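Student: What follows is each chain in one-letter form.
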Amino acid sequence: MSITINILLVDDVEYSRELLRAALLACIREHKVDIEANFFHSSTGESIPEQITLRHINLVYLDIELPHTSGLEVLKQIRQTEPNIMVVMVSGESSAENVTAAIKSGANGFIAKPFNYGRILESLQNYLNKAHKP
Amino acid sequence: MANLSTRMNEDRLKKRYERERKARQAAETILEKKSLELYQRNKELEEFKENLEKQVFERTHEAEKAKTEAREANLAKSQFLANMSHAIRTPLTAIIGFAEVLLQHSPSREERVKYLTTIIGSGRHLTTLLGEILDVSNIENQKLELNPLRFNLPNLLQSIEQIYVFNCQKEQLEFALIIDSVLPEWIVADPTRIKQVIDNLLSNAIKFTQSGSISLHVKFSFSSNTLHIDVVDTGQGIDDDKQTLIFDYFSQGDASITHNFGGTGLGLFITKSLVELMGGEVELESTLGVGSKFSMSIVCQEYGGECKSLKSRDIIAHQSVIIPSLVGNILLVEDTEVNQQLITLNLQQTGAKVDLAINGLEGLQKALTGEYDLVLMDIQMPVMDGKEAMKSLKQLGVNLPIYALTANVMPSDIQEYADIGFTGTLCKPLELENLYQVLSQHLTVCGDKVANKVQETKLIAQDPKIKALFYTELDKQHVELTENIHNLDYAGLIRITHVIKGSAGSFGHNNLTNLAAHALLLLRQKQYVEGVHHCTNLNHKVAEVLNEYND
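Top line first, the protein sequences correspond to chains P and C.
Numbering-wise, my numbering puts 57 at position 57 of the first sequence, and it's gapless, one number per residue.
Count along the second sequence starting at 1, add 134, and that's the number in my numbering.
Keep in mind the hints are simulated off the structure, nothing from the lab.
Mixed in with the good hints, there may be bad ones.
As the list claims (entries may be wrong) - Pairs of lysine-lysine residues, derived as BS3-like cross-links and limited to a Cα-Cα distance of at most 27 Å, are as follows:
| hint | chain 1 | residue 1 | chain 2 | residue 2 |
| --- | --- | --- | --- | --- |
| 1 | C | Lys-500 | P | Lys-130 |
| 2 | C | Lys-525 | P | Lys-76 |
| 3 | C | Lys-521 | P | Lys-130 |
| 4 | C | Lys-329 | P | Lys-113 |
| 5 | C | Lys-487 | P | Lys-130 |
| 6 | C | Lys-487 | P | Lys-113 |
Claimed, not checked - Every beta carbon over 12 Å from chain C, so not counted as near; a handful from chain P, in silico:
| hint | residue |
| --- | --- |
| 7 | Asn-6 |
| 8 | Tyr-15 |
| 9 | Ala-26 |
| 10 | Lys-32 |
| 11 | Glu-36 |
| 12 | Ser-47 |
| 13 | Gln-51 |
| 14 | Leu-54 |
| 15 | His-56 |
| 16 | Gln-80 |
| 17 | Glu-97 |
| 18 | Ala-102 |
| 19 | Ile-111 |
| 20 | Glu-122 |
What the hints assert, rightly or not - Here are some of the chain C residues that sit facing chain P, going by a computed Cβ distance under 10 Å:
| hint | residue |
| --- | --- |
| 21 | Leu-215 |
| 22 | Ser-429 |
| 23 | Val-433 |
| 24 | Lys-500 |
| 25 | Lys-525 |
| 26 | Gln-529 |
| 27 | Val-532 |
Keep in mind the model is a prediction, meaning the values are calculated, not measured.
Ideal Cβ positions, reconstructed from N, Cα and C, are used throughout, including at glycine.
All chains should be modelled from the sequences, with the hints used to inform the complete structure.
Tutor: Dropping the structure here:
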């Protein structure tokens, strides 16, 4: 009995989104993670909370370096309406400022670019562990 | 005719006589029966009466006994309150009295230190007393609960040894910790309560021993999961008829003892109750004028590992250990340069790759970006400490094995680290055996066991480059210590003693580690006067060590 989850990938660079999607799919397939994933994309940080609601998103991978609105700002917006949804921050710049801000704003994960396959798998497993616990 | 009538009369009379005789006989039988019944009833009544009297007597006796008991209980409570208020009043008098003296006169600096020390000591005594009253109340209401957890037994014993070597020295007594059997490395029991009962018996021993020695004997019976602890003193001893009495509360050997020796009179009662709660018992052997021996047994839920003697733990850095051959990446998060180098070298000996982060935040960043099999994280660090970094990693869902690397080895600390999410704790100064065991657990061990190198680990600490670095750092610490002692900068002193405690032992200066540990303990307990005194001693020793090295 696999569970279906809706994953939202927020990144302004198309190949970054595709890379992450491919990595997630590979994780699911190779490690037999019990997930049926549907992917949704957004290339900006605009109206992310609305998208989460409308598309019934379960898991968000959110890039920090977005044009106009930074991913950290988006995370704060998400937390206002969705305190419990799992948000994994993605960043090419794992600076002290970015990491501490992500923690303070309630991120559930932090994946640095270039992607580390193990960390992506870990985020999925964390999601499953969280989802299975009430 | 007349004859006839006479005969008839006679007949009638005869019949009448017969009838009356029978009636009388019947009446006599009935009478006899009734009389018997009456007699029996009377007898029953008498028995009943007797019984009733007996019952009344018994009831009266019971009531009187209950009354006496109530009176005695009441008396005990009054005595308790009287003792208690005396016990509370004595330190309070000292606190108020000395505070007034300080306020009204302008005492010299030395006097000020003396008065303040008394005030702090009295305050601390009050705290202990209140804790004990609470314990007694919980024991009597059967509300006292044990908090069993897995803890390192040899470490607990060593921390007790450290304190009592010092406390006994103050009273010019000898102290010895004697391990009579192989001990398990860890047990599952309530460490706080075990420490409390040992503390109680040892402080009692010190109190009642004018000269000679006090020893703590420990052995573990593996067949019955039982820890046996004896506290032996060469004190004044206890009278035979008082030996059972002293375990009741407020029954020190005699009432004058409280006045002469202080104490609350609750300690032994609590000790006995706690030991019984832990599934064991307390026994006492004592001879007047010769000394006393209190023996306790404590049943543990589980145990594991083996520690043959505490001494071997001290010199383990000089013994050869087998260095495993490992493949993997380790992230070391450590701010002290000496420790960075020393630990890195020890880690690299295994063939593992080591990456270094110099504080919690950098450690957090590196753990997020790199690929590591294991993280070793110091606790006390600038910018972001190890606990904060661990909490953040936990929030971000990082599931790496992360070990706390610390000189804080109290069971409560270790429990706290486990609660935050640390996989385990490695105590400083590092014991290589433990370190390598952790490494082997989380890194890939190379198949060929013959390839395992056996090496004198002493060599690492003798590497001239690291050694030079250690002494350069120690020189700086010496300057800082001097300044901090002068300025009474307690936070600074805590920081430096912490660093020395964690590093000096690895370079053969166990005395510095011990002194620093003791000073640190006192400072953490806010016993600043004694703490600073110890820091001064430590600083002298540091200067000696530096002089020796420079020569």
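Student: Holds or violated: is the Cβ of P/Lys-32 farther than 12 Å from all Cβ atoms of chain C?
Tutor: 18 Å, holds
Student: Can the restraint linking C/Lys-525 and P/Lys-76 be considered satisfied, given a maximum Cα separation of 27 Å?
Tutor: Within the cut-off at roughly 20 Å; holds.
Student: Min Cβ distance, C/Val-532 to chain P: is it shorter than 10 Å?
Tutor: Nearest chain P Cβ about 7 Å off; hint holds.
Student: Can you verify the interface hint for C/Ser-429: is its Cβ closer than 10 Å to any Cβ in chain P?
Tutor: C/Ser-429 check fails; min Cβ-Cβ to chain P is 48 Å, beyond 10 Å.
Student: Would you settle whether the hint for C/Lys-500 is holds or violated, based on the nearest Cβ-Cβ distance to chain P being less than 10 Å?
Tutor: Holds. Min distance 9 Å.
Student: Going straight from one Cα to the other, do C/Lys-521 and P/Lys-130 come out at no more than 27 Å?
Tutor: Holds. C/Lys-521 to P/Lys-130 sits at ~23 Å (cutoff 27 Å).
Student: Holds or violated: the hint that C/Lys-525 contacts chain P, with Cβ atoms closer than 10 Å.
Tutor: Since the shortest Cβ distance to chain P is 9 Å, the answer is holds.
Student: Should the hint that C/Gln-529 touches chain P count as held when the rule is a Cβ pair under 10 Å?
Tutor: Cβ of C/Gln-529 sits 6 Å from chain P, so the hint holds.
Student: Confirm or reject: P/Asn-6 is not an interface residue toward chain C, with every Cβ-Cβ distance exceeding 12 Å.
Tutor: 19 Å, holds
Student: Report holds if the minimum CB distance from P/Gln-80 to chain C is greater than 12 Å, and violated otherwise.
Tutor: Given that every Cβ of chain C is farther than 12 Å from that of P/Gln-80, nearest at about 18 Å, it holds.
Student: For the restraint on C/Val-433, tell me whether the closest CB of chain P is nearer than 10 Å.
Tutor: 35 Å, violated
Student: Beyond 12 Å from chain C, beta-carbon-wise, is P/Glu-122?
Tutor: 6 Å, violated
Checked against the numbered hints above, the structure violates hints 4, 5, 17, 18, 19, 20, 21, 22 and 23; every other hint is satisfied.
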